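Undergrad: Letter by letter, the chains look like this.
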Amino acid sequence: MLSVRVAEQDFSADVENSALLECTEGVGALANFIGVVRQSGQANPLKEMWLEHYPGMTEHTLQNLLERAAGRWPVLAARVHHRVGALQPGEQIVYVGVAAAHRQAAFDACSFIMDFLKTEAPFWKKEIFADGLEQWVAARDNDRKALGKWAK
Amino acid sequence: MSDSLITIRFFASLREQLGRPAMELASEHLPDSATVAELIAVIVERIGPQADALNGADVQCAVNQQIVSHAESIRAGDEVAFFPPVTGG
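Residue numbers (the working numbering), protein chains in the order written: chain A, 1 to 152; chain B, 1001 to 1089.
Treat the hints loosely; a few may be bogus.
Claimed, not checked - Here are the simulated SDA-like pairs of lysine to any residue, each with C-alpha atoms no more than 20 angstroms apart in a straight line:
id	chain 1	residue 1	chain 2	residue 2
1	A	Lys126	B	Glu1024
2	A	Lys125	B	Asp1078
3	A	Lys126	B	Pro1021
4	A	Lys126	B	Gln1060
5	A	Lys125	B	Pro1085
6	A	Lys126	B	Gly1089
7	A	Lys125	B	Leu1005
8	A	Lys125	B	Leu1030
9	A	Lys126	B	Leu1030
10	A	Lys145	B	Arg1015
11	A	Lys126	B	Val1059
12	A	Lys145	B	Pro1021
13	A	Lys126	B	Glu1079
14	A	Lys126	B	Ile1043
15	A	Lys125	A	Glu22
16	A	Lys126	B	Glu1028
17	A	Lys125	B	Arg1015
18	A	Lys126	A	Arg38
19	A	Lys125	B	Gly1019
20	A	Lys145	B	Arg1020
21	A	Lys125	B	Val1042
22	A	Lys125	B	Val1044
23	A	Lys125	B	Glu1045
24	A	Lys125	B	Thr1035
25	A	Lys126	B	Ala1034
26	A	Lys125	B	Val1036
27	A	Lys47	A	Phe107
28	A	Lys125	B	Gly1089
29	A	Lys125	B	Glu1028
30	A	Lys125	A	Pro55
31	A	Lys125	B	Ala1053
Claimed, not checked - Calculated from the model, a selection of chain A residues having no Cβ within reach of chain B, i.e. all distances over 12 angstroms:
id	residue
32	Met1
33	Ser3
34	Leu21
35	Gln39
36	Gln42
37	Glu52
38	Thr58
39	Val84
40	Val94
These are calculated hints, taken from the structure and not from any lab test.
The structure presented is a predicted model; accordingly, all values stated were derived computationally and were not measured.
Ideal placement from N, C-alpha and C gives every residue a C-beta, glycine not left out.
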């Protein structure tokens, strides 16, 4: 059972995790990742994060990522909820949950999904600072390099 | 009728630099089996030098929501999108 949701609305990790547990038998491990809007810049604090996406392509890309993870590890269920629109510092951005029989598959699949989400899913972040400065977040080389560990 | 149109979408910093989220182009304004690179040249002619941003080395292109290279051919009815490297998560 693979589920993808892209929405302005917030998520509850408890609700998402319950959904993972309900739809499958044999679950012995559940791994989560939750991304949060980081507060940064003492002199000029972040006021808001704006999340833009490419409707349609984003959902297809995420679904494809979950399928690739499920093809590589014995995943029993996986869910992604990614938020878009205006987010405040400290708010949740993304939830990834993976259920498997054993922990290593759950950890690895969760990490794989996040690494590829960061480099393939068409989302873009813009930071809006307290003094009014607006700036698109630049892609990080380290996010690209992280994919190396998944090369077979 | 709408099949002869190519829909072009711009996201994030490119949407701002080009001053629009999307545009349409009748396929007869493109050479037969035009590539993404040739499409960019036509867009620059249409909307001016700010569209040179599409030639940036890190600009990605998707045709019908699949990432492609600038050598890919465009067909009537296609949806073409240009965007900077992604930064979600």
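Undergrad: Could you run down the list of hints and mark each one as holding or not?
TA: Now the hints, each set against the structure:
no., hint, verdict
1, A:Lys126 with B:Glu1024, "26 angstroms, violated"
2, A:Lys125 with B:Asp1078, "27 angstroms, violated"
3, A:Lys126 with B:Pro1021, "16 angstroms, holds"
4, A:Lys126 with B:Gln1060, "18 angstroms, holds"
5, A:Lys125 with B:Pro1085, "11 angstroms, holds"
6, A:Lys126 with B:Gly1089, "13 angstroms, holds"
7, A:Lys125 with B:Leu1005, "30 angstroms, violated"
8, A:Lys125 with B:Leu1030, "33 angstroms, violated"
9, A:Lys126 with B:Leu1030, "34 angstroms, violated"
10, A:Lys145 with B:Arg1015, "28 angstroms, violated"
11, A:Lys126 with B:Val1059, "17 angstroms, holds"
12, A:Lys145 with B:Pro1021, "31 angstroms, violated"
13, A:Lys126 with B:Glu1079, "25 angstroms, violated"
14, A:Lys126 with B:Ile1043, "25 angstroms, violated"
15, A:Lys125 with A:Glu22, "33 angstroms, violated"
16, A:Lys126 with B:Glu1028, "37 angstroms, violated"
17, A:Lys125 with B:Arg1015, "13 angstroms, holds"
18, A:Lys126 with A:Arg38, "13 angstroms, holds"
19, A:Lys125 with B:Gly1019, "18 angstroms, holds"
20, A:Lys145 with B:Arg1020, "33 angstroms, violated"
21, A:Lys125 with B:Val1042, "29 angstroms, violated"
22, A:Lys125 with B:Val1044, "26 angstroms, violated"
23, A:Lys125 with B:Glu1045, "30 angstroms, violated"
24, A:Lys125 with B:Thr1035, "29 angstroms, violated"
25, A:Lys126 with B:Ala1034, "33 angstroms, violated"
26, A:Lys125 with B:Val1036, "26 angstroms, violated"
27, A:Lys47 with A:Phe107, "33 angstroms, violated"
28, A:Lys125 with B:Gly1089, "9 angstroms, holds"
29, A:Lys125 with B:Glu1028, "36 angstroms, violated"
30, A:Lys125 with A:Pro55, "15 angstroms, holds"
31, A:Lys125 with B:Ala1053, "19 angstroms, holds"
32, Met1, "22 angstroms, holds"
33, Ser3, "17 angstroms, holds"
34, Leu21, "24 angstroms, holds"
35, Gln39, "17 angstroms, holds"
36, Gln42, "23 angstroms, holds"
37, Glu52, "6 angstroms, violated"
38, Thr58, "8 angstroms, violated"
39, Val84, "9 angstroms, violated"
40, Val94, "5 angstroms, violated"
The structure fails to meet hints 1, 2, 7, 8, 9, 10, 12, 13, 14, 15, 16, 20, 21, 22, 23, 24, 25, 26, 27, 29, 37, 38, 39 and 40 from the earlier list, while all remaining hints are met.
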